[in-house]
Each structure stands twice: as C-alpha cells, then as structure tokens.
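2 protein chains.
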Amino acid sequence: MISYNPVTDELLGRLAAVVGEAAVSTAEAERQARAKDMSHHAAHLSEAVVWPQTAEQVAAILRLAHEAGVPVTPWGAGSSLEGNPIPLHGGLLLAMERMDRVVAVHPADFQVTVQPGLGYKDLNLRLAPDGLFFAPDPGANASIGGMLANNAAGSRTVKYGATKDNVLAMQVALADGRLIRVGSRSVKQSAGYDLLHLFVGSEGTLGVITEATLKLVPRPAVMSAVVATFPAVAAAIEAVVAIRGTGLDVAALEFVGAETAAVATREAGVDWGERPTVLMEIHAAHSASAELDLALVQQICRELGATGFRATMDPTERQALWHVRHHLFEMLLRAFPGTHWIVLDIAVPISSYPELVAAAESALAAEAMFGSLIGHAGDGNLHVAVAYSDDDGLRRAERINEAVVSQAIALGGTSTGEHGVGIGKRQFMVAEHATAVDVMREIKQTLDPRGILNPGKVLP
Amino acid sequence: MISYNPVTDELLGRLAAVVGEAAVSTAEAERQARAKDMSHHAAHLSEAVVWPQTAEQVAAILRLAHEAGVPVTPWGAGSSLEGNPIPLHGGLLLAMERMDRVVAVHPADFQVTVQPGLGYKDLNLRLAPDGLFFAPDPGANASIGGMLANNAAGSRTVKYGATKDNVLAMQVALADGRLIRVGSRSVKQSAGYDLLHLFVGSEGTLGVITEATLKLVPRPAVMSAVVATFPAVAAAIEAVVAIRGTGLDVAALEFVGAETAAVATREAGVDWGERPTVLMEIHAAHSASAELDLALVQQICRELGATGFRATMDPTERQALWHVRHHLFEMLLRAFPGTHWIVLDIAVPISSYPELVAAAESALAAEAMFGSLIGHAGDGNLHVAVAYSDDDGLRRAERINEAVVSQAIALGGTSTGEHGVGIGKRQFMVAEHATAVDVMREIKQTLDPRGILNPGKVLP
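Protein chains in written order, with this note's numbering: chain A, 20 to 479; chain B, 20 to 479.
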C-alpha cells in the first residue's frame, strides 16, 4: 500500500512559482466544485486545485508532486460517470480547463491539434466553418482530455470509432515530469511501440495528456434518420445485424428498451409505443444514395417484423428525433422525480445483445427495481439507468450492476464499453482480464513508481 | 549490452519434450529457409527451428528460453520487408506455420478467431462463403501473426484501417512464459490499459501472439474501380484530398508515379502514359449509389485537370486493373533485370504528400538512381522501390532512404507506415520519437528483462 504525503505550504509555494499565485487555490468552494463527477460515487475533496496553462507547467507540477509523494488527479469537465476524476486520496486536483486552445487546424489533413481542456462540442463549433467535425459524441460537453483518458465513445462509434480510433498523436506529461510525444500526424504508423494507445484510456493513471492531434471527418452532405419499432428485442437486434451485414456504413444504430420507449412516447409525444425501438442515422455523400440506403433499411426492418418504421431526410425532423434520444434521461428524471441513478455501461459481441438485455431485465426484476435500457446496439454497448432513492436502493442497484457486468463478461464482453473503470469497475478487472491485470500493474509501476497519478482508479 | 547463451543439447532436449522430437530441428536447410525475409537485409542463421502447435507450447518454449538466456525470434510467412523476423542473434527460430487453424467464426459478430500462422489470403478464402473478409491486404500471403506484429496495412487502409484497427482480442505469450489475454470480443472496450495495442506492432519484441480475434467486414455488394491520370503530382493529391473531403468512403486511393506508370503502360498495355496516376476502389451497398459515387469522383478529377479518367463497375475490368497494380513490382523486375531492390516505406500527413514525392524524386536524382514511386496516397503512405546492382548501389540506396525518411519525419510523418521498424528503421527511432524511445525501452525492460524476444529489432 502506497502512502501519500499531505500538500504542504512549501509545495503550494513551489506550485505558485510554476503556475502563478492565481492558479493555485485551497479555497473550499473550488475544491467542492471538483469533488465529484456526474456518477453515483461519493465526493472527495482534494487539498488544493491547480490550473496549469501549458504542458511545461503540467510537467513541472507532476515533478513536484512526484518528489513530494503527493497524489495528482486530472480533472476535465467532470462529466464522467464512473468517478474517474474524483480525488479519492486528496492531494492536488489538476484542473485542465485553462488549457482549452485549438493549437492548429489542418483541414487538408482532416486533423486538428488541441489542448485537453477544450470541450468537444466547443471544438465542433469551431470546426463547422471548415466542414469538418470530431466524431466521438459522449454527450455533456466532455473535455477532449477526459474523452481520451476514458476512451469515451457515443452514438456514432459504430461508424467512426471511439475516441481511441480518432486520435493520432499526443503530448503526455509523465509522473516524474518528463514530457514526451507519442504517435504521429501520419494516419499510418508502424514505428515502434504504440504508446499512444497505452495512454488513451488509462484514465490519467499513467500520464497526463497535455495536447492531442485528432482525426476529423468531413461533415456529411446528407444525414437521414430512421426509427423502427419491433415486437421483441431479438428482432430489433437481428435487424441491426442484418443492416450492418449489407455493408451500409450506418452512423448510429441505437437501441431503446420498451419501458423507456413508453416514457418517450408519454413525455415527448413520439409514436414508439411500448416496444423495443431502434434509431438510426445514415450519412451519405448525395441524397439519391441516401434514398437507396433508406429503402434497403426499410426492407430489412419490414422483413424482420418491424411494427413501426419512419425514415426522414428532413433536417428538422431528424434533429427532433435525436433531441428525444439525447433527452431520454431528462424525461426519466421527470417521470421518476426525486430518484438517484446509477448508469450501467456494459458491452458484448453484438450477437449476444438480446441475451444481455434479458440479463439486465431479469436482474432488475429480481431486485424489483426500475431500469431504463438505452444502448449503442450497433457496437453491442448497453446502458441501464437504474433508479434508486435510498441506501438500500443503492445496494440493490449495485447488485444489479454486478449481475449484469458478470453476464457481459461471461458473454465475451466487457465491464465497461465507454465510461472507463474509474472507481466502480475496478472490482471486475480480474474477472475480465485475469492475469493480464498483473501486466497492467507492472506497467503502472514502471511509469508511476510512486503511484501519484489518480490513485485508487483502474487497477484493483 | 545483453549477452546470450547458445542453444545447448540440454535445451533442445527440453524443447523436444514440449513440442515433440519432430518439431525441433537444427538442420541447416530448415534454418536457411528462415534466415531472411523479403527485405534487402542480410541473412542470419538461427541455431534451431521450433514449431509450436499450441499456445501453451509457445509459452513453455519462451519460459525455457528465458531461463536459458537464449534469443527467440518469431517467424510467420517471411514476407516482411524490413528484416523483422531475421534471427540476428541466433538462438531459437519460432516457426508459427503449424499454428494455422481458424479457431472460430462468429458471422453475426463480424469476427473470426484464428491462430497466428494462418495466411490472410487463406483466411479470406475460408471466409468467402460467409460473405465476410478481413480487410487489411499487405500482399504476399502474410501470416496473421506477422501482420499483427508489424501492424501491416495495404491498399484498403484508407477505408478499413490497418491491422491494428482490425483486431479485438489476442492471446499473448510473455517472455517469462506467462500466457495472457488482452482486449475483448466487444468492439467497444474501456476497461483498463490497452495492452492489445501495446503488443500489436511490437514486432515480437514484447510477447508472442498465439491467437487473435479479428474484425471482419461484409463483402461489399458492389465494387467499382477508377483510374485517373494527372499532369502533376500536386493535382493528383489535390484530387485525393477533395475526394476524401466529400465524405465518400473510398476503399483504396493509390498513387503511381509517372515513371512507374510508364513501365505499366509499356509492360501491361494500360493507357496511363507517363503521368502521375491515381487508382481508386469504391465499395457500395447498391449499384445505383456506386454510379453516383463515380460521377462525383469524375467531376472532381475533371475539375482538377485529370488528363485521363476511366471508371468501371465491371468485375473483370476492375480485377484486371488491380492485377496491374499488384504486379507493378514484377514488371519492374522485368524492366530492370538482374537488379536488387530496397523498398522504402514512409508516411506523412496527406497534405505533405506532394512534398514527400518531390523529396523522393530529388534524392533519387542526387544519387542518379532509379526508384519506382507507388503509394497508398489516401493515407499519405509512399513506397519507393530503389533498384541497385552492387554494394556501392546499396550504399547509395541507403542514403536515399535516409534522406527520404528524414524528410518524412520533418513533415510530421513517420519512418515507417506499414513495414515496421525491423532492422532498417531503428536508426530513425530517436529522430521520430525523441525521449518517448526511453519509455519504449522501459516497457521492453519490464516485459522482457532478459531481452530474449527478437533481439536487435525496433529499439535503437
């Protein structure tokens, strides 16, 4: 067990010499504002908040913390869902928000270089005039650094990949204060060990990302949307598999469980009824080809017994549909006032999706709890938002989490598709990775021998 | 400097106890057959060849070699181009060819699990009845294990990604004989450090891949092909960028330099003339949409001054075109009888491609050497096949390599896009990665402290 030292006045003085007096604070309000992300995990206070403005400052802060044996927890936007940036062991909270510059746009290379504190929605607003966008869309206005650290994903992963698939190069500050560059602006790279992907998804436990070059995608000329409802989950997923099997490169293939569809029908006036629902988005270079795509999708859905089908190429209608999808959670909050929520995040090979859904439904039933099933079915990722209102409810929700995660792992899947391990999934790491966890520990020990980086996360 | 021990009779006896007498050989013919890949690097003899048949045998062999301090060099198909599997320090040659089984096909998951000795072309023949294929296509009949170890790519990377983008999970034997599983059959995964991509591209220096689950792609309903010739490289690449900018997900965007186009025109009777030529392949789910794609591509090429343009949806004509592309090197061999070749492999951000081509042409001119420029322009990857006939020619070719690699790195690119570091690119690792090479060394030291795995490769 590593033991940590407290943040001393001497350390605070040294930090102030690095970042300036105004960029170090021990004020309770600042620490409280960064004590808890959007997860169900308990808040913890850091001892001080530090706001670096440059990569060199990040490296200098880490060097000081490393020498002092003080924990450092990086903080992006605080929108994570697994306690990933909660400073469990106190120490320094490294607030990345002032490192939010677009460093360079390379439109002809379909690339942008940014600082990690920038929100991806802000980035996409900046890129719109160039007709480009950064594809991963986890929701909220997650910071790029947080997305990289958690390998966040979202609805469009089925076509464009997760964050890890959309980054080419990074600058990373190591625990001992070294500053390195990993990856390359070349989209093809075979030159040595893939350190880039070692740091992506490591949740700030191996290094702190100080700059990243991201892949961009041309904004599609035509976007169409589809809603189809099915008599059963199995038919809905069969349709998802069949559509992927055509080679149509669908940009989103989202699943909404029957109960949640019913909430949307009631709250938003959609006509999904109380049936398993699939939402899709299809991107195309010209509208005539989008029409062909939609006809093919319709045929498949009809053949697999869709009870409802609606396709649209009208932007307003499409946006309205995705507005409903993106606000399902708010509708749930209205439908179940005063409740708290745990959001489960598991993923399996797509053919096991119906079995995963069934496991979630039966785990909910066993605990007599309400859970909303919403998932990125195109890549086998399921979320279950479980409502609870007291400590007993929380315990039951955690039992549901345990049952569903165990089933996901048994089906060849993972304990977390896009939220990361954070605090809540550490207990499943050995079940999922067996002795590979030892190798993860060896790498952690090599890169962060004093264990100062985001302690209490990822590794069990 | 690590020193190695020779392969003793005692070790051979222990190996025979693991794999059987018939699967260990010190016969010169067997060692000669695996002393050199398809690169220009010199042959080296191993001391013994071992043919494992199971992952457990691989692990046991590594444990014995680790204890004995004997080098182990994995060998796939021997089709690599940078000396990657040449047993520079002797020791054991781990011939993976008997581990060539398809372990499981998961058609509804678009996945297959294979042993590493299987050739990717053999795999694709096996998958054809399922309407699926493994997309990376490096040429020859590279083994899956070799493709993973070198992160091989090919013509279709621009749409489907390199090998690293098409693998989900692997079993890996570590230097000390541990056998671990990395990754997940879930296409989305955020559970802990990305060990999968640490081993992919590590060229057998961190572990030996004993099994892999690969992503598959539905065989497209319609494939069309395009050839366009341009008055200058810049216009050709402008067209490539513009086509990518439409959002059209072109499956191949290949560049052929003017001199090589002239060879193809002469040898294969195509009408490319002596002009920079772009070859494309477009995959579509229906022919009507392919026609729209082709019209759009034609318009762009015309606007950018294409002097020739031909598009086809006829399978025979398309195959004939790609046959020419895939046999360009053989035509060069015929055109320059009795010469040897070095194949350069560099990649840059796509906007710098014309500059890279110019650098290659001027480096060739400076040494008065012939070089054939053929590249995967869609992802900024350029090959230059340099002809030489004697030692002086080899030295001049190596100077050209050095000049072109330096320029690629200066342009924000990489010393190797798809051939790996092997022997020949080690000298550029520090120029490309600076102090990140130290981190690579630390990881190598952690995972292979006795340095038995493929010594003399990747790290300078």
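A portion of the hints provided could be inaccurate.
For chains that are exact copies, the list does not tell them apart, and a pair is met inside one copy or across any two.
[What the hints assert, rightly or not] Calculated pairs, EDC-like style, for lysine to aspartate or glutamate (alpha carbon to alpha carbon, straight line, at most 20 Å):
hint, residue 1, residue 2
1, K463, D195
2, K140, D156
3, K55, D410
4, K234, D184
5, K140, E278
6, K234, D268
7, K55, E66
8, K55, E421
9, K234, D156
10, K463, E66
11, K55, D457
12, K140, D268
13, K140, D411
If you're looking for bench data, these hints aren't it; they were derived computationally from the structure.
Problem - Hints not upheld, ascending by number - result: Structure breaks hints 5, 8, 10, 11, 12 and 13.
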